[in-house]
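Chains as they are written, first to last, in the numbering used here: chain A, -13 to 100; chain B, -19 to 95.
Rather than coming from a laboratory, the hints here were simulated on the basis of the structure. One thing to keep in mind: the hints can contain errors.
What the hints assert, rightly or not - Straight-line Cα separation of at most 27 Å, BS3-like style, residue types lysine-lysine; simulated pairs:
1) A:K59 / B:K33
2) B:K(-1) / B:K33
3) B:K2 / B:K18
4) A:K59 / B:K21
5) A:K41 / A:K64
6) B:K18 / B:K(-2)
7) B:K20 / A:K99
8) A:K56 / A:K41
9) A:K64 / B:K21
10) B:K2 / B:K16
11) A:K41 / A:K59
12) B:K20 / A:K64
13) B:K33 / B:K(-2)
14) B:K18 / B:K(-11)
15) B:K20 / B:K33
16) B:K2 / B:K(-11)
17) B:K21 / A:K99
18) B:K(-1) / B:K21
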Amino acid sequence: AQTVTQSQPEMSVQEAETVTLSCTYDTSESDYYLFWYKQPPSRQMILVIRQEAYKQQNATENRFSVNFQKAAKSFSLKISDSQLGDAAMYFCAYRTAGNNDMRFGAGTRLTVKP
Amino acid sequence: DTEVTQTPKHLVMGMTNKKSLKCEQHMGHRAMYWYKQKAKKPPELMFVYSYEKLSINESVPSRFSPECPNSSLLNLHLHALQPEDSALYLCASSHGSGPTFHEQYFGPGTRLTVT
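With the rest of the complex left out, here is chain A (with noise of 0.2 Å):
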C-alpha cells in the first residue's frame, strides 16, 4: 500500500522569507502523481502544484516550486516570498495513475509571521 510522510507537524517563516515543507512517499508504482494542497482555516482544500513522476523537471507555479527526487521518493514543497496568506495546513497527497484512489500525508502546519 501506498503510504505519504510529512516528517513536520509545523513549520514557521517569517513574511518574505522561504520555507521547505517535506514529503516522502513509499510506493511500488512506477507511474504516479503527486501534489501539494493547501488547506486555509475556511478549511477549502487547494490544489497548489501537481508533479508527474514521468517528468524529470520539477514544477514550478509562481512562488511555488517542488524538489522531486524520484529516486529517494521524496517530493518537498518550496514556498519562496512568503505571504501572510500562505498560512494554511498543507497536505503531500499521492494518486497511482489511472487509479481514483488519493492518498494524503498527515499535514504541515505553516505559520507565517509579520
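Fit chain B to the given chain A structure using the hints.
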C-alpha cells in the same frame, strides 16, 4: 467555472435523524468523491463515483449511503449516525480521463455535528 459547491455548510443532527449532504459541480468532471476529515487530520476517502458508477467504497458503514443521480450531482445520505461521525465532509471532483484526470477540486465542505 472551477467550483464545487456543497450544501449545507453546517448540519446538526440527532442520532435518529435522516439527512442528506449535497455536492454539485459544473466543470464536466466525470469522477466525484466523498471524504471525511476529522479535526487536524488529513481527509479520508469514503466513496468514489466514476462515470456515475460507484467505483470505490472504502469499507464505510452502511449508515452512510452515497448516490450519484447524474454526472454533476453527488449526494451522501445519512441515517442513524453516531457522535464519532461528527466531522467535515468534503466533496471533490476530477476529470474522468485525460491529462488532468488526477487533479481533484474540492468543495468547501459540510461541517456535521451528531448529537
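Hints, one by one, checked against the model:
no.	hint	result
1	A:K59 / B:K33	violated (33 Å)
2	B:K(-1) / B:K33	holds (22 Å)
3	B:K2 / B:K18	holds (19 Å)
4	A:K59 / B:K21	holds (23 Å)
5	A:K41 / A:K64	holds (18 Å)
6	B:K18 / B:K(-2)	holds (21 Å)
7	B:K20 / A:K99	holds (21 Å)
8	A:K56 / A:K41	holds (10 Å)
9	A:K64 / B:K21	holds (22 Å)
10	B:K2 / B:K16	holds (14 Å)
11	A:K41 / A:K59	holds (14 Å)
12	B:K20 / A:K64	holds (22 Å)
13	B:K33 / B:K(-2)	holds (23 Å)
14	B:K18 / B:K(-11)	holds (16 Å)
15	B:K20 / B:K33	violated (31 Å)
16	B:K2 / B:K(-11)	holds (10 Å)
17	B:K21 / A:K99	holds (23 Å)
18	B:K(-1) / B:K21	holds (24 Å)
This entry does not satisfy hints 1, 15, going by the numbered hints stated previously.
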